[in-house]
Each structure stands twice: as structure tokens, then as C-alpha cells.
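**Q** Below, each chain spelled out in residue letters.
Number of protein chains: 2
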Amino acid sequence: MSHTPEEFKPLFAKIDELKPKFIERLKKAVSIPGVSGDESLRSEVVKTAYFLKDELIKLGAQDIQIKELGLQPPPVSTKGLELPPIVLSRFGNDPSKKTVLVYGHYDVQPALLEDGWDTDPFTLTEKNNVLYGRGASDDKGPVIGWLNAIEAHKELGLELPVNLITVFEGMEESGSLGLDELIRQEAKNYFKVVDAVTISDNYWLGTTKPVLTYGLRGVNYYQVEIKGPGSDLHSGLFGGIVAEPLNDLVKILATLVDTNGQILIKGIDEQVAPLTKEEDELYNDIEYDVKDLNQATNSDTALYQSKKDILQHRWRYPSLSIHGIEGAFYEPGAKTVIPAKVIGKFSIRTVPNISSDDLTKLVIDHINNEFVKLKSPNKINASLIHDGDYWISNPHNENFTAASKATEAVWGIKPDLTREGGSIPITLTFEKELGTDVLLLPLGRGDDGAHSTNEKIDVSNYIEGVKTLSAYLHYYGKGN
Amino acid sequence: MSHTPEEFKPLFAKIDELKPKFIERLKKAVSIPGVSGDESLRSEVVKTAYFLKDELIKLGAQDIQIKELGLQPPPVSTKGLELPPIVLSRFGNDPSKKTVLVYGHYDVQPALLEDGWDTDPFTLTEKNNVLYGRGASDDKGPVIGWLNAIEAHKELGLELPVNLITVFEGMEESGSLGLDELIRQEAKNYFKVVDAVTISDNYWLGTTKPVLTYGLRGVNYYQVEIKGPGSDLHSGLFGGIVAEPLNDLVKILATLVDTNGQILIKGIDEQVAPLTKEEDELYNDIEYDVKDLNQATNSDTALYQSKKDILQHRWRYPSLSIHGIEGAFYEPGAKTVIPAKVIGKFSIRTVPNISSDDLTKLVIDHINNEFVKLKSPNKINASLIHDGDYWISNPHNENFTAASKATEAVWGIKPDLTREGGSIPITLTFEKELGTDVLLLPLGRGDDGAHSTNEKIDVSNYIEGVKTLSAYLHYYGKGN
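Protein chains in written order, with full-length UniProt numbering: chain D, 1 to 480; chain E, 1 to 480.
One or more of the hints may lead you astray.
Identical chains blur together in the list; that is why a pair holds if it fits in one copy or across any two.
[Claimed, not checked] Derived lysine-lysine pairs resembling DSSO-like cross-links, with alpha carbons at most 30 angstroms apart: (1) K361 / K58; (2) K341 / K266; (3) K405 / K335; (4) K308 / K373.
No lab work stands behind these hints: they were computed from the structure.
Given the structure is predicted, the values throughout are model-derived calculations rather than measurements.
The task is simple: from the sequences and hints, build the whole structure.
**A** Structure representation (C-alpha cells):
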């Protein structure tokens with residue numbers, strides 16, 4: 001490839017040469033059905049941890065630690081269910097080198113052939129240069145990708161340009177139980193000298209252009225409980241003579257956001273960081289179109305038609321979604337119930353500079369004010385269920401610049417700088433606890449179907465991804 | 001009792017004398033756990049039918065027929081599940097006498113000791129002159145009550161004053177499957193000569209005053225389906241950039257009825273029969289208070305404070321209740337889903353002179369108009385799921401007058417003339433198919449807990465009820 005810098009030619013050639021071995025390694029990883037959300041498969045999740053340990057040993061890792069996290073806290077169906085361990089390892093401990101911590105997860109989402117997979121989800125299957133299998137892209141592909149990068153260096157007799165710490169967890173698809181605590185514990189121990197954290201666990205925006213991700217929205221999840229009668233009532237006997245909680249609730253929920261997605265709760269817009277010209281320009285080059293959105297939703301329900309509007313409302317403006325109602329009738333068919341107590345659930349995606357506490361005050365006040373207007377004899381209680389902060393990094397810092405150069409060296413194109421609408425809470429934990437920059441460096445494409453049937457990673461993404469990870473370490477190691 | 005008319009003294013004395021036997025008969029009936037909604041107990045339901053058949057034989061019934069209804073239609077878990085039969089019998093066939101058809105059901109609601117019963121639900125237990133047991137009031141008490149009335153006449157050597165046809169079904173608690181069809185079939189056969197139909201399967205309004213019931217509201221059940229994205233979406237990725245069906249739906253549902261229970265769909269009020277002075281006066285003597293309502297709902301959620309307002313809005317005005325939403329998140333906890341398709345469910349209780357077709361047109365038009373205002377790219381489809389007509393009778397006709405006199409003869413007080421907010425569809429079927437007046441003549445009290453734990457019938461209601469049924473037959477037989 002003409003754009004490959006001279007210095008990387010031997011390394012990239014070695015990676016190409018090892019391609020069959022790399023695919024074989026991913027195949028072995030995929031073959032272990034380590035679904036963290038399925039308690040009956042917990043031993044398979046643990047087995048995956050030990051598979052990684054063996055691979056790390058073969059690659060010459062030092063100080064491999066299998067960090068046990070104890071019993072899974074309730075609710076849990078299996079008595080005494082152990083959490084899968086976190087696997088730590090270290091490659092190099094040279095004080096003259098920078099230290100990069102790479103994080104990935106070895107557990108996967110559930111997958112059954114009968115869900116509609118075209119091939120067995122736990123048998124990595126290559127068709128037309130695409131590798132199909134559960135975890136191929138989320139997140140076994142990237143985890144094995146790091147190991148491949150190390151192996152390529154080893155085979156070539158090339159020293160790693162940085163000290164590398166690997167952190168592989170097995171509960172990411174089930175709430176990352178125990179991980180925050182471990183990061184806190186090891187911040188001054190195993191992770192004492194970490195200069196940068198890189199997470200490869202998201203996706204390109206589309207299918208053709210590599211990206212680096214520098215922002216995530218946060219999420220504040222709320223519930224509104226309205227209760228009236230002491231127990232559910234029959235609408236024949238009581239319809240028309242009692243105040244119905246569900247009637248109050250739909251009226252409250254109807255005041256939250258308009259059909260165009262504009263949040264109707266006053267005071268939130270004012271908290272959003274103004275869009276600067278510089279930030280706005282970041283969107284100019286990004287490859288995206290309303291067609292991509294409509295294709296992803298398989299519908300014609302886009303609220304915006306222009307690329308900038310769509311991406312900015314996905315990444316840098318807050319949004320409010322109503323998720324459902326607990327306590328009301330939800331089955332198919334007809335039931336003439338007046339629910340006695342209903343709980344509406346909605347969440348707000350947060351962005352700079354919304355403060356969670358301020359937001360919650362605005363939300364609760366809004367709901368209580370709207371409820372007062374209804375003059376209902378029912379009782380209301382609105383509350384925050386949980387919150388997770390937004391994350392934003394400087395896409396021009398040393399870490400991102402190294403990844404950008406690496407991308408260009410491999411793909412011959414500058415990556416798009418993207419944000420994501422969802423949250424990856426661990427990003428914030430690493431940043432806060434280790435006090436370092438975090439980079440999100442995805443390998444897979446936007447259509448990989450991470451949590452869906454027929455999850456895949458393109459062979460080119462997998463192999464060029466190994467090159468990108470390798471080149472990134474070099475650029476970062478030498479200070480670009 | 002001083003108010004007992006001379007003519008009934010021997011009959012009532014006989015009924016008092018037979019009290020232990022009547023309680024024993026009810027005990028036997030209650031001991032068979034014929035829960036029609038529990039497929040595993042279907043054989044017990046059938047057993048109850050044959051128990052009744054044996055009792056009818058002992059009492060000298062003629063032409064007893066066990067009407068098989070074939071297989072229960074889907075959905076059903078048990079393959080080849082037979083419906084419980086309808087038990088028909090006849091006492092007398094004298095062309096010079098009037099013929100009264102009495103209907104009751106021998107199946108019951110589910111009941112488990114661990115649901116919170118103080119005594120075994122299938123062992124009729126007397127405590128402080130109250131008989132506790134599943135079916136004691138709904139509807140084995142009244143069914144056995146008719147048999148007791150027949151027995152009292154037989155023991156006394158007293159001829160029944162009318163020809164009596166008994167119709168006992170075993171699927172009332174599960175939709176009365178097969179009953180409508182059987183009534184149609186037998187309208188010109190077994191039920192050829194029926195002058196009046198009497199159903200004892202509802203309750204006094206309160207706990208102290210007997211009632212006769214002359215009206216029922218109908219019900220039209222609607223659903224509003226709104227669909228947008230092709231499949232459920234993650235609110236992190238898509239929140240703020242797609243039109244969310246659930247957001248549209250809560251806005252539509254919020255336009256249906258106000259917090260005071262006033263239906264906001266235009267044109268419905270105009271269809272409601274005006275309240276005449278005569279009808280309004282029927283409410284004057286009824287024993288009821290807002291305290292009764294608040295006690296029944298175990299809350300302070302009454303929309304009206306005056307007796308008349310409450311009862312008229314329960315019985316003679318329409319009401320609209322929102323029941324729930326299918327397709328949205330409904331479990332405890334938090335889920336950040338944007339549901340792709342949601343179906344709101346609500347129903348309208350109908351009253352004279354609302355026409356179901358006209359109502360449906362108003363409802364669908366209203367919903368479609370409100371949806372147009374939202375300018376949403378989602379798709380809406382509002383439809384009627386099912387409807388059942390209201391029923392109203394003349395509370396001063398021959399049948400009601402006979403029952404009113406009977407009540408006075410037993411209780412020394414004129415019964416309250418009530419309606420009910422719910423529907424008993426079979427009432428309409430009898431009226432339409434047989435072309436006769438129908439009377440609802442309840443035995444139990446408003447606090448009997450028909451579908452609840454610790455269902456009961458007071459011994460006085462049970463025994464005085466047998467007297468009332470007996471006296472009613474006499475008054476009706478002789479044309480009052």
C-alpha cells in the first residue's frame with residue numbers, strides 16, 4: 001500500500017503473514033460461549049478468562065493476575081454465583097517508556113442459532129471476507145486484536161514501543177459488576193504508572209471510514225410513580241368515579257418532549273454548552289447521511305434531514321426518551337383494569353455542561369408543577385433511578401493524534417472524529433481514577449450487529465485493525 | 001317476623017327449618033374446586049356439573065340435559081380440552097303457569113390458601129354467621145339457593161307457582177364460552193316458552209339493603225397502535241434523532257379524558273340519554289355514600305362527593321379508562337429502549353343511547369385528528385377490539401315488581417333499584433334471543449369479595465335469599 005510509511009512496512013507485512021493464525025485465535029475465542037447474562041453459562045465466561053491467560057503466557061506477558069471479584073450481588077438466580085475474574089497482564093516495565101493501558105471485555109451477548117443466525121453463533125465462519133460469530137466485533141475481535149499486535153512484534157523480534165497493560169473483563173454486557181471497584185483498588189498499584197488508556201469497544205459511524213471517538217453522552221434515568229386506589233380496580237365498577245393514576249401519568253409524560261424531539265422541561269437548554277464554530281466544523285468532513293439513519297432504523301422516522309443536525313442531536317444535544325410504564329396492563333388482548341399504581345420511566349441523555357443534580361431538580365420540579373395543574377387526588381413521586389456522566393475528550397491531544405496518524409498509516413485517510421449518543425461508563429472511571437486521557441479506538445464497522453443476530457467483523461477491519469493498534473502504540477510511544 | 005305476609009309463613013318456616021341442610025348442600029358444592037380458568041382443574045368443574053345433576057334428580061327435575069359444548073377453542077394449553085357442560089333442567093310444564101328461566105354458574109375464580117385466605121377456600125367455614133369459601137357468593141350460593149327454594153316447596157308438599165327452567169353454566173369466569181350459541185340453539189326448543197329470565201349473579205350495592213338491578217353499562221374496548229422504527233432502538237444511539245412512537249402515544253392518550261373523568265372526545269355527551277326527573281328521583285332513596293366508595297377503593301380518590309353524582313357516573317354516564325400499553329418496557333428497573341411499536345389500550349363504558357358504531361367513529365376520528373396535529377412521521381392505527389352493548393330494563397315491570405314485593409316480604413323494606421357499571425353480557429343474550437324481560441336479583445352483599453380472598457356470604461343473606469327467591473316465584477306466578 002503506497003500510503004504505508006516505510007517504518008511500518010515490515011510490521012504490517014508480518015501482520016498480513018500471520019492473518020491465518022490471527023483468524024484461528026479469534027475462532028478459538030469465539031468458540032467459548034461466554035455469555036455473562038446467562039447464569040448457566042457462567043463457567044464458559046470463566047473459561048474464556050483462562051483461555052486469555054494462556055494466550056498471554058504464550059506471548060510472554062508478565063505479572064498475569066486473575067482478579068477474582070467475589071459473588072455476584074442480588075438479584076441472582078444461582079446461589080453463590082461467582083463473578084468472572086478480571087485478567088490483568090503487563091508487557092514491559094521500562095521507566096523510560098510510556099505506559100498504555102488497553103481495556104476490552106471477553107464476555108458476550110446471548111446468541112442462539114434459532115434467534116435467526118445464518119451460521120452457528122459460536123463457530124467463527126468466514127464468508128466473502130467477513131467473519132461471522134458472537135463476539136467477533138463485540139469485543140473478542142478487538143481483545144484478540146491487541147494480542148495479535150503483540151504477537152506480530154514478538155515474531156518480528158521488535159520491541160514494543162510502550163509498556164502495555166491489558167485489562168480484560170468478563171461482565172461488560174451485564175453491568176461491569178466489580179470493575180469500578182477494581183480500578184479504584186489498582187489505581188495506585190497495578191495501574192500506578194499509566195499514561196494513557198485506550199478502549200476498543202465501539203464502532204465506526206458507517207461502514208467505510210475509520211473513526212476515533214472523543215465523546216459520549218451521559219444518561220439520567222427517571223421514574224414517575226403515581227398511585228391512587230389501594231389496589232387495582234375494575235373499570236366497570238369504578239370507571240368514571242375515581243381519579244385514575246394512569247390517566248394522570250400519560251398527561252405528565254405528554255409534557256416532557258415534543259414530537260420533534262425538543263425537550264419541554266424549562267432550563268435544560270440553557271445548560272448545554274454552546275456550539276462553537278470550531279466544534280461545528282468538526283462535523284463537516286464526517287461521512288454520514290440521513291439515509292444511513294433510516295437504514296439503521298429500517299424506517300422513515302428521522303427527525304432531521306441534514307447530516308449536521310442528525311449527528312449533533314445524537315452526540316452533543318440532550319434527548320429525552322420515554323421507555324415504558326410499570327404497573328399497567330402490558331399484555332396482548334384486552335383487560336378492563338384500572339391500575340392502582342403506575343410508574344412511568346424515561347431518561348435524558350446528557351451532554352456538556354449539564355450537571356446531573358441541576359438537571360434532576362429541573363425534571364422533578366417540572367413534573368410536580370405539571371401534576372399540580374391536574375388537580376388530581378392521586379399521589380405522585382418522581383425520582384432519579386440512576387445517572388451516569390457524559391464524557392468528552394480533546395480529539396487533538398497526544399493520544400488521539402497518535403491514533404489519527406496510525407489510522408492514516410493503515411487506511412490512507414484521516415479518521416472521522418466522532419462522539420456517541422450512548423454511554424460507556426468505564427471510560428469515565430478510567431479517566432477519573434487514573435487521571436489520564438482516554439481514547440476510544442474502534443475496529444469494527446457500524447453495521448457489525450454487535451448485540452444482534454449474525455454479528456460479524458470484516459476480515460479487513462480485523463487485520464487492518466491489528467495494524468492500526470500496532471501503529472498507534474508506536475506513534476504514541478515516540479510522542480508522535 | 002312481623003312483616004312476613006301470612007301466605008309465606010309456612011314456606012319461610014320450612015326454609016328456616018332446612019337451614020342446616022341448605023348450608024350442608026352449599027358446603028358440598030364449595031368443596032369441589034371447579035376453577036374454570038385453571039385447565040388442570042377442568043375435571044373438577046365437570047364434576048360440579050354432575051353434582052348439580054344429582055341434586056336436580058333428587059329434587060325431581062324433569063328433562064335434565066347435560067349439554068356438551070365441545071372443545072375449548074384456542075388459545076388453550078391443554079390439547080383437546082373439553083368445555084364444561086351446561087346443565088339444563090325443568091320443574092313443571094303446566095301451560096296454565098308462567099315459565100321462569102333461572103340462570104347461574106357453577107364454576108369459580110381461582111383460590112389458594114397461600115393467596116391470603118384465613119381458611120381453606122374449598123372448605124365452607126362458618127364464623128360469626130358468615131360462610132367463607134370460594135363460590136359462597138359467586139355464584140354457588142345463589143345456584144344452590146334456587147335448589148333450596150325448590151326443596152322447601154317439595155318438603156312442604158307445595159306446588160311451584162311457575163314452571164321453572166334452570167340453566168347452570170361452568171365457564172362464566174372464563175368468558176362463558178359456548179353459552180351464547182346454546183341460548184340461540186335452545187331459544188325455540190328447550191327455552192321455547194319462557195316468560196321471564198332471572199339471574200342471581202351480582203351483589204347488593206352496600207351491606208345492609210337489598211337491591212334489584214335494572215341496568216348495566218356496555219363496553220367498547222379500543223387500541224391505538226403507533227409504529228415507527230423497524231425494531232426496538234437504543235436510546236443512546238437514537239434518542240433525539242428519531243420520532244418515538246411511545247412519545248406520540250402518550251400525547252394521544254392524554255387527549256382522551258380529563259382528570260375529572262370527563263371524556264374529551266367530542267360528540268359522545270350528545271348521545272347520552274338525558275337524565276329525566278323520574279330517573280333522577282330513583283337515586284333519592286338509595287343507600288350509598290362517598291365513604292362507601294373510598295372504603296371500596298381503600299383510598300381518597302373519589303371524583304365526586306355526592307351520592308347521586310357518584311352513582312350516576314357509575315351507572316348512567318359513560319366513562320373512559322386507560323388500561324395500559326403493549327410493546328413498551330414494563331418491568332421493574334431501568335431499560336433504555338425506544339420501543340418500535342406500541343399499542344395503547346383503553347375502553348369506554350357505554351350507556352343509553354350510545355350506539356357502538358357511532359361511538360367508534362367518533363373515537364377513531366378523534367385519535368386520527370389528534371395524531372395529525374402531532375405531525376409525526378410514525379404510523380397510527382386505531383381500532384375497536386370488541387364491544388358489548390349496555391342493558392337497561394324497566395324496574396317497574398311485572399318481573400321487577402314481583403321481586404320487589406318478595407324482597408319486602410322477606411326483609412320488610414323496599415329494595416334499592418340499582419344499575420351496575422360493569423357488564424354481564426349474558427343478560428343481553430337472554431333478552432335478545434328469548435325476547436323476554438330479564439331481572440337481576442342478587443343475594444349477596446357488596447362486600448362479599450367475589451373475586452377476592454376470603455369470599456363469603458352471610459348466613460342471613462343465604463337463607464333470607466332462599467326466601468326471597470321463593471316469594472319472587474309466587475308473586476311472579478300469580479301476576480303480583
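**Q** Can you tell me if K405 and K335 fall within 30 angstroms by alpha carbon in one copy, between copies, both or neither?
**A** neither (61 angstroms within a copy, 38 angstroms between copies)
**Q** Is it within a copy, between copies, both, or neither that the alpha carbon of K341 lies no farther than 30 angstroms from that of K266?
**A** both (27 angstroms within a copy, 29 angstroms between copies)
**Q** Treating 30 angstroms as the Cα threshold, decide for K308 and K373: within, between, both or neither.
**A** between (38 angstroms within a copy, 27 angstroms between copies)
**Q** With identical chains treated as interchangeable, where does the CA-CA distance between K361 and K58 reach 30 angstroms or less: within a copy, between copies, both, or neither?
**A** For K361 and K58, the Cα distance exceeds 30 angstroms both inside one copy (54 angstroms) and across copies (74 angstroms).
Violated hints, listed in ascending order, are 1 and 3; each of the other numbered hints is respected by the structure.
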